[in-house]
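Place chains V, D and B with the ligands on chain W using the hints.
Chains as they are written, first to last, in the numbering used here: chain W, 1 to 146; chain V, 1001 to 1146; chain D, 2001 to 2415; chain B, 3001 to 3415.
Worth flagging that the hints you see were computed from the coordinates, not collected in a lab.
C-beta atoms are modelled at their ideal positions from N, C-alpha and C, and glycine is treated no differently.
Some clues are possibly wrong.
[Unchecked claim] SDA-like, lysine to any residue: derived pairs with alpha carbons at most 25 Å apart:
no., chain 1, residue 1, chain 2, residue 2
1, B, LYS3410, V, GLN1120
2, D, LYS2148, B, ASP3269
3, V, LYS1126, D, LYS2084
4, B, LYS3141, D, GLU2119
5, V, LYS1099, D, GLY2363
6, B, LYS3050, D, ARG2020
7, B, LYS3410, D, GLU2064
8, V, LYS1099, D, LYS2050
9, D, LYS2084, V, MET1133
10, W, LYS126, B, ASN3250
11, W, LYS126, B, GLU3274
12, V, LYS1126, D, THR2266
[Claimed, not checked] Label-pair distances were calculated between CB atoms; the ranges are:
no., chain 1, residue 1, chain 2, residue 2, range
13, B, THR3271, D, LYS2010, 40 to 48 Å
14, D, SER2165, B, ILE3163, 53 to 61 Å
15, B, LYS3194, W, ASN5, 49 to 57 Å
16, D, LYS2113, B, ALA3316, 55 to 63 Å
17, V, GLN1097, B, ILE3163, 51 to 59 Å
18, B, ASP3042, D, LYS2010, 17 to 25 Å
19, B, LYS3050, W, ASN5, 20 to 28 Å
20, D, LYS2162, B, LYS3141, 37 to 45 Å
21, W, LYS80, B, ARG3142, 50 to 58 Å
22, B, GLY3222, W, GLY100, 38 to 46 Å
23, D, HIS2308, B, VAL3404, 57 to 65 Å
24, B, GLY3200, W, LYS80, 39 to 47 Å
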Amino acid sequence: MQLDNLYQEVILDHYKHPENKGLAASYDAQVHHINPSCGDEITLNLTLQGDKVSAISWDGVGCSISQASVSIMSSLMLNKNLEQAQIILDDFMLLMQSKGIGAPDEAILEDAVAFAGVSQYPARIKCALLGWMAFKDASVQAQKKN
Amino acid sequence: MQLDNLYQEVILDHYKHPENKGLAASYDAQVHHINPSCGDEITLNLTLQGDKVSAISWDGVGCSISQASVSIMSSLMLNKNLEQAQIILDDFMLLMQSKGIGAPDEAILEDAVAFAGVSQYPARIKCALLGWMAFKDASVQAQKKN
Amino acid sequence: MPLDVARIRKDFPIFTRTIRDGKKLIYLDSGATSQKPQVVIDAEVDFYAKHNAAAHRGAHQLAEEATDLFEASRQTVASFLGAKSEEIVFTKGATESLNLLAYSFSNAEPGSKFFIGPENSIVVSEMEHHANLIPWQQLAKRSGAELKWFGVTSDGRLDESKIDSLITANTKIVALTQQSNVLGTINNLEQIIKKAHQVGAIVIIDACQSVPHIPVDVTELGADFLAFSGHKILGPTGVGVLWGRYELLNELPPFLFGGSMIENVTMTDATWAEAPRKFEAGVPNMAQVVGLAAAIKYLQAIGIEEVHEHEKNLTAYLLKELAQISGVSVVGPTDLSLRGGTVSFTVDGIHPHDLGQYLDSAGIAVRTGHHCAWPLTRALGVPATTRASLYLYNDNSDIDALVVAINEAKKYFGQ
Amino acid sequence: MPLDVARIRKDFPIFTRTIRDGKKLIYLDSGATSQKPQVVIDAEVDFYAKHNAAAHRGAHQLAEEATDLFEASRQTVASFLGAKSEEIVFTKGATESLNLLAYSFSNAEPGSKFFIGPENSIVVSEMEHHANLIPWQQLAKRSGAELKWFGVTSDGRLDESKIDSLITANTKIVALTQQSNVLGTINNLEQIIKKAHQVGAIVIIDACQSVPHIPVDVTELGADFLAFSGHKILGPTGVGVLWGRYELLNELPPFLFGGSMIENVTMTDATWAEAPRKFEAGVPNMAQVVGLAAAIKYLQAIGIEEVHEHEKNLTAYLLKELAQISGVSVVGPTDLSLRGGTVSFTVDGIHPHDLGQYLDSAGIAVRTGHHCAWPLTRALGVPATTRASLYLYNDNSDIDALVVAINEAKKYFGQ
Ligand SMILES: Cc1ncc(COP(=O)(O)O)c(C=O)c1O
Ligand SMILES: Cc1ncc(COP(=O)(O)O)c(C=O)c1O
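In isolation and in its complexed conformation, chain W is listed as follows:
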């Protein structure tokens, strides 16, 4: 079934068992992002130690794609330094724009390669990006604070 390209098992797993969900009490930056076309929302807390992501937690409501994406992203980014995080982010953006023909680098994106199928569904790309955009925003703010 074509739909299985979109809803890979790892996505549905993360949707049901999200990682790093539940907001930490302390953080360097907190951001709240919304997808205006569907109403999905997430709040993301980020803490840096030097230029390393030392803590990341989030809460939100939304579809399996947006929630699984932020879950996978949060695990992926934890303990990365900001340079590595940027590389991952760029790669993920590229994958989202690839219209289903991108060949994602599993060494970099790890579980996030599961979102390759999303790029065939233009209306869902924003769902997949919601958490990543929040991370980008939060990391800028956290750096400013430090």
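What follows is chains V, D and B with the ligands alone, placed relative to chain W:
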């Protein structure tokens, strides 16, 4: 030629030799009417004696239809009482809405029957009506004054 | 007479295409936009191919024909609504119609009946589409007026209990939807209109979701202005209607300024043509207006009463079937006398976006999200809903397909 | 390469019809609206028949396709203008584009670079179309700003001699036409744009009559905003474009409020999406936007340079032929380097309306009157003019027919 229905000789005659053109110095009411879609303008001076149109004069710029129409109208209305004028006006309005199939009453409209052909050219009906609307407006104002 | 849906579907070319590798198109998204019968497409084509010229601007034959078609379309719309021809203003859509009103109020001088100041209030409801909410929020900000609103009852009806504190002597505008695009609720506006007129307020009706589906006669309705979009009533995109009671419409200050809406213009000043012309600046959306008239004639030939009856039966069937699926909750009234064929619902454990995607993979088009009525979605306490909206080309088999697919989706997403 | 007009005419279905009992259609009214090639009509039909759904509002396949077509059209328009995709706002026409700007300025808060107050001035010209004059008159009234204008020289050019007193440190807006719809004058705006930017003013270009006829690259032009209509560039009615430099466009407050232009909405407040979305409230004129893109592609395939060259040659021929008819006076420049193919003229003793009617009876469509530029007509000291306006489907034989008919009209009206 179909166009001859529109440009009857009496129309072109009045266009070249307009009657009652040149504004009288005194009047009961003066009105200025414009056709916004083409820029035709006329000024009309009207004097009543009791309920009789005792003087009517006008000036203006515009196409043959608008200028001939005000010329013919002015001659027709002169010395009529307001009741007769209203009958003539109503008849002319009806003729203009007749889409080329009206049978104008020559006993009432006299030379103004020449405008029967205008009703086939929707864009020109406003030209033919310009002077008549000015007359209507002026007669209301003149009555108020008296 | 029940509608012959099989025959009706033949009038709509889109139903000859398939979805996602060969699946039949089950279109349940008419609340967002309706499909177009061939006669509407043909009317636009005919205009371009045979009569295209700038209406009201030229003494040549093409311009005459374009003008005739354009004005005859105004007549068609007027008689459909029980209105006078000169009460119909063509816009690009309901959104423009409603914004036109909000800006025209702003353009009124002190002393005008349209002038609105800090002492006034504007009343809307919690079930408004953004298009009938944000323009009034902004007018309130520009003018200093207070924005008030009717709430929504837990079963999705307009809560009229506070009418006396909402509509008061200071109320200038009451702007309400006739049929909710989320809940399907049909609002009986009689009492509210009466009350509004008692206090001298102007009543504006968002009829986007009503005029395409139920008989609406503006004289009977008794409101002052009414707006709807062509694309939801089988017509082209890019055209909408604003109806206004003539005395009001003609007194209302204009909104867009430009060609064809003027009486006289100098470098520093301008005066206006009479309504409706003064609200139609620029070369109009002629082909779309002509297409809209064709859509209305198509609906009239079938009968808007018949369409309404058909949708009522379909809605009854849809509600009955949805009630049998465990985990499905319909938001909005279930009493058929209070609602039309727009049905929003949630399915436990499946986000609407995921459900919509699954349905799409089965060829079924629905809408998911807040449906441009975000405050309502929030008031209902759901993050989003899935909406199936019906029209004359739907039948029970579409609903059966939806029900099968919802049950499949529940399995797919492990619920 | 000269245009193959005979082949081009075959692309336009309207040329298969006849006028006034069998006469060939000689269409010289493209300045009012252009005719449509079959590919444009087909693009609209194709949208309705195969891909119709509400763009940006649904996760189903039809909505995806509608969104793709809509956004690809934005890309087509952008690359035609040398702009970025996100700098293109779709409106219902140039009139809306220009009014959008005037109202958005009004919506700016004090402190914003768009805020305009009594200390500011707005500069236009005496040759503006009402659509680029009255919105600024009204903005001046709303804001208390002063309206100033460039005059027109006796030969119909922009009189730039007073530039230094017109454009000053207080100037907020300079809004000018790139090509006059009456005189045909092409304004070289380089100096004015430079001067306007020196004083920090925002430059708005009415490109209605230029973009369809001459290559326009917004980056080279250097203005800040630019507006034109689809229907004058072979496209559908009911669609227009506003281009804006992105930083400015994104900062500009929105105009129409409603669905799809928001970021977040509560009952009392709303925040906006980024440009261009924040200027496109409501379900958009999708079929018309797609048709406009088809029109632009059609023009690009022929080559806008080639179209311009063709019109230049035709204009030269038209001016030469008109000069040979006694009693005919052309208003506007006769120097071909200063003008395009819109030629207004008067004929001694024949009112333009009568001439137009005569020409119509010969199958020739022209426009007569003030052409929605009444202050200009007054400045020229004529009550009205007759206007012949050329496009890619015209050739010398059309001009020959016009000349014959003018001579006949002179006899008919006894001149
Ligand atoms: C120079 C100019 N500006 C503005 C307009 C207004 O365009 P529209 O009527 O398509 O909105 C026109 C055409 O009517 C025009 O020629
Ligand atoms: C109730 C309601 N009001 C207003 C609108 C706005 O209509 P449009 O987007 O066609 O301008 C819609 C549809 O989107 C609607 O459903």
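Hints and how they fare:
no., hint, result
1, B:LYS3410 with V:GLN1120, "holds (23 Å)"
2, D:LYS2148 with B:ASP3269, "holds (12 Å)"
3, V:LYS1126 with D:LYS2084, "holds (21 Å)"
4, B:LYS3141 with D:GLU2119, "holds (24 Å)"
5, V:LYS1099 with D:GLY2363, "violated (52 Å)"
6, B:LYS3050 with D:ARG2020, "holds (14 Å)"
7, B:LYS3410 with D:GLU2064, "holds (24 Å)"
8, V:LYS1099 with D:LYS2050, "holds (22 Å)"
9, D:LYS2084 with V:MET1133, "holds (22 Å)"
10, W:LYS126 with B:ASN3250, "holds (20 Å)"
11, W:LYS126 with B:GLU3274, "holds (14 Å)"
12, V:LYS1126 with D:THR2266, "holds (22 Å)"
13, B:THR3271 with D:LYS2010: 40 to 48 Å, "holds (46 Å)"
14, D:SER2165 with B:ILE3163: 53 to 61 Å, "holds (59 Å)"
15, B:LYS3194 with W:ASN5: 49 to 57 Å, "holds (54 Å)"
16, D:LYS2113 with B:ALA3316: 55 to 63 Å, "holds (57 Å)"
17, V:GLN1097 with B:ILE3163: 51 to 59 Å, "holds (52 Å)"
18, B:ASP3042 with D:LYS2010: 17 to 25 Å, "holds (22 Å)"
19, B:LYS3050 with W:ASN5: 20 to 28 Å, "holds (24 Å)"
20, D:LYS2162 with B:LYS3141: 37 to 45 Å, "holds (39 Å)"
21, W:LYS80 with B:ARG3142: 50 to 58 Å, "holds (54 Å)"
22, B:GLY3222 with W:GLY100: 38 to 46 Å, "holds (40 Å)"
23, D:HIS2308 with B:VAL3404: 57 to 65 Å, "holds (59 Å)"
24, B:GLY3200 with W:LYS80: 39 to 47 Å, "holds (45 Å)"
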